[in-house]
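Here's the letter readout for the chains.
Protein chains: 2
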Amino acid sequence: MPVPVELLRQQTAAILTSWGLPPDHVAATTHVLTEADLRGVDSHGVSMLTLYDDYRRTGKMTLRPAVRVVRESPVTALLDGDGGLGHCPGLRAMDLAITKCAATGVGVVAVRNSNHYGAAGVYALRAVARGFIGISTTATWRPAIVPTFGAQAMLGTNPIAFAAPTRRHLPFCLDMATSTVALNKVKLAALVGQPILPGWALDDQGHTVTDPAVAMKHIALTPLGGTPEMSSHKGYGLAAMVEILSTTLAGAAFAPSRAAQHPDAPRYDVGHFFLALDPRAFRDEGDFETDLDAMIDALHATRRADPDDPVLVPGEPEEHCRTARERDGIPLAAELLAKLRGIAQATGAEWLL
Amino acid sequence: MPVPVELLRQQTAAILTSWGLPPDHVAATTHVLTEADLRGVDSHGVSMLTLYDDYRRTGKMTLRPAVRVVRESPVTALLDGDGGLGHCPGLRAMDLAITKCAATGVGVVAVRNSNHYGAAGVYALRAVARGFIGISTTATWRPAIVPTFGAQAMLGTNPIAFAAPTRRHLPFCLDMATSTVALNKVKLAALVGQPILPGWALDDQGHTVTDPAVAMKHIALTPLGGTPEMSSHKGYGLAAMVEILSTTLAGAAFAPSRAAQHPDAPRYDVGHFFLALDPRAFRDEGDFETDLDAMIDALHATRRADPDDPVLVPGEPEEHCRTARERDGIPLAAELLAKLRGIAQATGAEWLL
Chain S
357 MPVPVELLRQ
367 QTAAILTSWG
377 LPPDHVAATT
387 HVLTEADLRG
397 VDSHGVSMLT
407 LYDDYRRTGK
417 MTLRPAVRVV
427 RESPVTALLD
437 GDGGLGHCPG
447 LRAMDLAITK
457 CAATGVGVVA
467 VRNSNHYGAA
477 GVYALRAVAR
487 GFIGISTTAT
497 WRPAIVPTFG
507 AQAMLGTNPI
517 AFAAPTRRHL
527 PFCLDMATST
537 VALNKVKLAA
547 LVGQPILPGW
557 ALDDQGHTVT
567 DPAVAMKHIA
577 LTPLGGTPEM
587 SSHKGYGLAA
597 MVEILSTTLA
607 GAAFAPSRAA
617 QHPDAPRYDV
627 GHFFLALDPR
637 AFRDEGDFET
647 DLDAMIDALH
657 ATRRADPDDP
667 VLVPGEPEEH
677 CRTARERDGI
687 PLAAELLAKL
697 RGIAQATGAE
707 WLL
Chain G
357 MPVPVELLRQ
367 QTAAILTSWG
377 LPPDHVAATT
387 HVLTEADLRG
397 VDSHGVSMLT
407 LYDDYRRTGK
417 MTLRPAVRVV
427 RESPVTALLD
437 GDGGLGHCPG
447 LRAMDLAITK
457 CAATGVGVVA
467 VRNSNHYGAA
477 GVYALRAVAR
487 GFIGISTTAT
497 WRPAIVPTFG
507 AQAMLGTNPI
517 AFAAPTRRHL
527 PFCLDMATST
537 VALNKVKLAA
547 LVGQPILPGW
557 ALDDQGHTVT
567 DPAVAMKHIA
577 LTPLGGTPEM
587 SSHKGYGLAA
597 MVEILSTTLA
607 GAAFAPSRAA
617 QHPDAPRYDV
627 GHFFLALDPR
637 AFRDEGDFET
647 DLDAMIDALH
657 ATRRADPDDP
667 VLVPGEPEEH
677 CRTARERDGI
687 PLAAELLAKL
697 RGIAQATGAE
707 WLL
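Here the protein sequences come in this chain order: S and G.
So the first sequence is numbered by my numbering: it starts at 357 and just counts up by one.
So the second sequence is numbered by my numbering: it starts at 357 and just counts up by one.
Just so you know, not all the hints are guaranteed correct.
It does not matter which identical chain is meant; a pair holds if it fits inside one copy or across any two.
Unchecked claim - Below, in silico cross-link-like pairs of lysine to aspartate or glutamate (DMTMM-like), each with a Cα-Cα straight-line distance of 20 Å or less: (1) 543 to 410; (2) 543 to 398; (3) 695 to 682; (4) 541 to 585; (5) 416 to 675; (6) 543 to 691; (7) 543 to 560; (8) 695 to 706; (9) 541 to 567.
FYI, nobody ran anything at the bench for these hints, they're computed from the structure.
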């Protein structure tokens, strides 16, 4: 039975409130998680509550964080997340970038001392809702990507989200991890006992593995490209670029160094990056959207390899999913429902689903 | 016999001057091409003069362009390249982004009505020389990348360059086409008659080809990832992102639409994108460079899959090449030398090599 999104929002908010999170954090985390569920990005929806509950129980997140602006100029800002979940500082940062962009044409905001912030695309699309181009990247709490020629994960799955406004078409929204595949795809293969493709993951010697159980033991994903012959150095370079924008620029912690030097560090100190850019600083009102619509028309009209498989534009499958799920509700696996129920019970949150 | 870089600069300048290019264009194109040769990016060095000579003979570039600023704010600008080569407007755009960045912390400049601008990394590194993060992307005159599920090239090889300053280490510099491999790799395989890897290129039905001669006939490269199973939709999304930043934002021409609607258009109207970002808008002086140095130390120390293959950081091979070539000169193949000699003779340029 699919769950109406409004009910899922109430349930998520009830759980987060029962943890003692302040109302702005409850609202932000609820919004970002359920947006991901609406868009079909189930790996980053309310299923994330299981990870956040781990954080809570192991003291890896501040429950009543004081998000603050550390540094600010008319075009830039740095925020400190005070070790809480990343959604509230993330939305504040993107909104600040948007406000600055409205005044100057560009806004760039970095966040340090944060945590998991959900799906990167939700932040990039926030800029599009104001008519701006939006970019967001984030580092992660745990290394997962192995650099080309390496035998050890050193970089997070480090996603890049880029969204741009259109008029006739759905907004363009690229939201991609810089690994070849998401860890979830490996997990799923392990669950059903299917081999994974060579080039998705490595063992602890840096060799390709096809046994998903071995792959899950090491968490050593390849960078986009998969193998050196297929240009994995490009995916590695992109993951490193995201790490520099998210971690180094914000002054956050580089995960493998933190894990080696402070295995019991109370906070993960994850960093994020946000950029908003106004097309009207470069083009007359509406011309950007008109041209992007025409480009999307051309991409849709691309001759197909298989007549049954149309060429899609990034963001379209997610928007179609949103339309269906706003109407029909969000499907939640029985296993996830049981986990969420346990999480709700542990802190006395009302069970609504 | 390797050619000393200073002599190669003189030869390049002599050829471009004989074409009637103004001194600022001669200097800019000479600089960008020989920088690529120094960095070992031979595909984007003086070998490009053969393509530019085609442009000249077929009237596809303005010989005495008037580059101008079309629109400007304290943080942004749009330049028009007037249909000339891209190096002069490219360097002016990056320098303008740097000047704005020095004043406000960020500078974003787009260029329209331009042409091939050489290696993207040269522009990104220009920001690093001033202590800033630099980003540059460009579209190209000809579609080469096939969208996932397509059977037809729709996007250029659309490179992304990202460079960041360090203190102890060589600057970080990612400079990558968003195709799996460069067209040059396919060309080289065709020259020596070796099959190419499945996933590098497609035929005109969208099927994988391994015969490089067939691949060269269609110019249908895969996006980074190579196949749908290896997440080619991510490389496709990145190529589309670059197209939006370079073409749509600047108001330049989307190559497949231009080629279909105006096959004899006198100009290619290529667009570029430039961004400079000051780490000191976010961090105390020197902290960014210190942290990036530490990250590079950690990446170098990654456990290796093969003890003989160290983990490198983007930009290092190119900087090592520069050191060697500044000392020993730049090797030029006999075939390229013969072509350059013919190009010089055609317009009466002195032959110096």
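A quick look at each hint next to the structure:
{"no.": "1", "hint": "543 to 410", "verdict": "within (18 Å within a copy, 53 Å between copies)"}
{"no.": "2", "hint": "543 to 398", "verdict": "within (14 Å within a copy, 43 Å between copies)"}
{"no.": "3", "hint": "695 to 682", "verdict": "neither (24 Å within a copy, 63 Å between copies)"}
{"no.": "4", "hint": "541 to 585", "verdict": "between (23 Å within a copy, 11 Å between copies)"}
{"no.": "5", "hint": "416 to 675", "verdict": "neither (34 Å within a copy, 41 Å between copies)"}
{"no.": "6", "hint": "543 to 691", "verdict": "within (15 Å within a copy, 52 Å between copies)"}
{"no.": "7", "hint": "543 to 560", "verdict": "within (17 Å within a copy, 36 Å between copies)"}
{"no.": "8", "hint": "695 to 706", "verdict": "within (14 Å within a copy, 78 Å between copies)"}
{"no.": "9", "hint": "541 to 567", "verdict": "within (13 Å within a copy, 32 Å between copies)"}
In the structure shown, a violation is registered for the earlier hints numbered 3 and 5, in ascending order.
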